[in-house]
Amino acid sequence: MYQALFVDTWPWWVGGILIGLLVPGFYYFQNTALGVSTGYGNLVKIISRSKLPWLQGEKFADAWGWRVFFIGGMVLGAFVAGRLKGGTFLTREMSLFTEVLNWPFLGSALYFFSGGLFLGLGARLAGGCTSGHSIHGLANLHKSSIIVTIVFLIFGAIAAAFLRVFLLGGGAP
Amino acid sequence: MSRKLFFLASGFYFGFVLSRVGASNYQVIFRMFTAEDLHLAWVILSAIIVANLGMRYLKMKGNLGRGGKPIAIKEKKLGRLSIIGAAIFGIGWGMAGACPGTVLAQIGEGKILALFTFSGMLFGTYLYGYLLARWPKIN
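Protein chains in written order, with numbering that gives the first Met the number 0: chain A, 0 to 172; chain B, 0 to 138.
Chain A on its own, in the form it takes in the complex:
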């Protein structure tokens, strides 16, 4: 029982049902759309005390708004999940990436920083991320979210194909 709940990866449908419920749950209880990436704007405002006009808008009027609590909760939830699963806490591993590539830590750090930069800039230009567009938007059959999600997936597949060929070896690892 413990093994199935806290150690083994859950079947996809368990995760799908539990994640999907967040969308109507957010609307029912808080009249709010599910979304994560906008909260990074809150974090930037808090950390940098930036005077950028974009961060002075209505959306970020309360820098310590609900999005910061949502983000903090996500880190905590995964922390508890990780501790219940066991294993060392701080680790430099990133599964396949660090198993196959023997890069110096700084190289990997720079690589993931660049990936993050694309995620941050791209999410703001696109108006949302996987949760806001691909789950919330698609569930509500919003045309903009359908278009954006298709582009997400195409370019994610292109990036992964590039990695597969040039970094991680052509064949199955």
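Check the hints yourself; a few may be wrong.
[Stated by the list, open to error] Quick list of in silico lysine to any residue cross-link-like pairs, SDA-like style, CA-CA up to 25 Å:
1) Lys136/B x Ile145/A
2) Lys3/B x Trp12/A
3) Lys84/A x Asp7/A
4) Lys58/B x Trp12/A
FYI, nobody ran anything at the bench for these hints, they're computed from the structure.
Since the structure of chain A is already known, use the hints to place chain B on it.
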């Protein structure tokens, strides 16, 4: 329950589920994009279907939230550079093996490299605000 406490608790729930279903595992995401392992694609697809059914149910009940307050569903509008932004985001998703939500789960699990993905995201978000201040047309 106060609004912030609600979101702290639902964030905890979301992070826990993402971690348990393997969404915070680099190779699960990588292999979704190379179509070697569709576990995560099924997670996302079933989440969309469940969310859609839930929204239909709310609509059937008159689109009223708790306490009888009307629910307002907003469609995200596309900006001039939204498609390009989506392409940039897709490349980041495939590269980092994480999205803005799952990177938080990776951090919670103690993956040090995820802190760099996270810092990059903060920087990218700042960069957007900076570019927007110079060229308001990018929105």
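Here is what the structure says about each hint:
no. : hint                : in the structure
1   : Lys136/B x Ile145/A : holds, 23 Å
2   : Lys3/B x Trp12/A    : violated, 29 Å
3   : Lys84/A x Asp7/A    : holds, 8 Å
4   : Lys58/B x Trp12/A   : holds, 24 Å
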